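Number of protein chains: 2
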Amino acid sequence: MLALNKLYVVGIGPGAADQMTVRAMRALEKCDVIAGYGVYVELVKPLLPDKEYLVTPMHAGVYGMAGLIYELSEGKDVEIEVIPGVTAALSGGAVLGAPLTHDFAVISLSDLLTPWDKIEKRLECAAEADLCMAIYNPASHRRADYLRQACQIVLRHASPETVCGVVRNIGREGESMQVMTLKELADYPADMFTTVFIGNRQTKIIGGRMVTPRGYRDV
Amino acid sequence: MLALNKLYVVGIGPGAADQMTVRAMRALEKCDVIAGYGVYVELVKPLLPDKEYLVTPMHAGVYGMAGLIYELSEGKDVEIEVIPGVTAALSGGAVLGAPLTHDFAVISLSDLLTPWDKIEKRLECAAEADLCMAIYNPASHRRADYLRQACQIVLRHASPETVCGVVRNIGREGESMQVMTLKELADYPADMFTTVFIGNRQTKIIGGRMVTPRGYRDV
Chain W
108 MLALNKLYVV GIGPGAADQM TVRAMRALEK CDVIAGYGVY VELVKPLLPD KEYLVTPMHA
168 GVYGMAGLIY ELSEGKDVEI EVIPGVTAAL SGGAVLGAPL THDFAVISLS DLLTPWDKIE
228 KRLECAAEAD LCMAIYNPAS HRRADYLRQA CQIVLRHASP ETVCGVVRNI GREGESMQVM
288 TLKELADYPA DMFTTVFIGN RQTKIIGGRM VTPRGYRDV
Chain L
108 MLALNKLYVV GIGPGAADQM TVRAMRALEK CDVIAGYGVY VELVKPLLPD KEYLVTPMHA
168 GVYGMAGLIY ELSEGKDVEI EVIPGVTAAL SGGAVLGAPL THDFAVISLS DLLTPWDKIE
228 KRLECAAEAD LCMAIYNPAS HRRADYLRQA CQIVLRHASP ETVCGVVRNI GREGESMQVM
288 TLKELADYPA DMFTTVFIGN RQTKIIGGRM VTPRGYRDV
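Sequence order for the protein chains is W and L.
Each residue of the first sequence is one higher than the one before, counting from 108 in my numbering.
Each residue of the second sequence is one higher than the one before, counting from 108 in my numbering.
Because the hints were derived from the structure by calculation, they are not lab data.
Treat the hints with care, since some could be wrong.
Same chains, same names: a pair is fine if it fits in one copy or spans any two.
[Unchecked claim] Below, simulated SDA-like cross-link-like pairs (lysine to any residue); rule was C-alpha separation at most 25 Å, straight line:
1. K311 x L114
2. K290 x V140
3. K137 x A124
4. K228 x H264
Predicted model, so just to flag it, every value in this text is computed and none were measured.
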């Protein structure tokens, strides 16, 4: 039996300890029990080996935990503190160059909790608005062709030559990135460790990096 | 004359030293010269008083610096490393509760470098797609009624009762937050230290916090 009176929801960033904020590390140090998705728990354990750990089977990782905690705590006597971290849109973007320096949307392709037609609508509107996009959960075993479907929706409004990029294992061992066109992205074999970036009409390649300018040089 | 061979573009987060990543602090420690917008330079100076500082008159803050640096360095012999930080969408969101736990868009209302009709189009599409929004640069002296205009666009697709929130001085002295309706937001006197959050159709108030659920409890 666990008596909770203070619950921290901690964004740990992409994984490497030095990409966590000082505030996040201090909160983890204060905890008696640390609970999380297996992959994330394994990242934290070496830093704080003496804690009690609970591994949960949650599929969705950080994309949604804070909201869930507020919902579950409704009417309960527990203080909640959300400690933000560097989300994959930002950490992956920094690996690729500077793809999200202007307006952007973050969209998950997981239809586990969202109807696919709502995801399609969001992709369509974001493309129509010429928003850069960070795509989370681009694929899983069960959803092998979702990224292709997403690209086909974006292609209704964007050129096949639109600059895109993928980052795998952000901030972790085996980190890699690749810049490609939207047409090539449709055939890219993404997996659950991939974060995908779709540029807007201004996005270009500079020195091998994916860069979305804001127009400063034209002012 | 400054001879550059390595340039770090560092996201310092909202301001408090403990909201910076360890990696960001280490990069700043390695620098001979630290350049930035006045407000941000003043936040870093007390932490590293012995550095040389350059204050630049850039209006747009972090929203766009990395892209600019890549553009200006094109063809020059300089290594660039972008170090991501906790952007206001995440740090402000954590103060309000959990408004961005699902798909969202980040949109700036500054028309200094973006035509206003493009900003309107993005607001319209994001609202149509039922995306939560983080609004950067909601107002300035010159753009006193932009937030009202933005709310009127969103109101074409969203209920006046949509849950919204504002955070001022995130992570800094005088931090404050307020949860309100979209109708109330249209009249809110935002300033340049305010980050604005507009919920989607699911966003609700739990214990005074702004929370967007992902539907876990219905699974």
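Okay, the hints, checked on the actual structure:
1. K311 x L114: between (43 Å within a copy, 20 Å between copies)
2. K290 x V140: neither (46 Å within a copy, 42 Å between copies)
3. K137 x A124: Answer is both; intra-copy 16 Å and inter-copy 19 Å each pass.
4. K228 x H264: Answer is both; intra-copy 13 Å and inter-copy 14 Å each pass.
Hint compliance for this structure: hint 2 is the single one not met.
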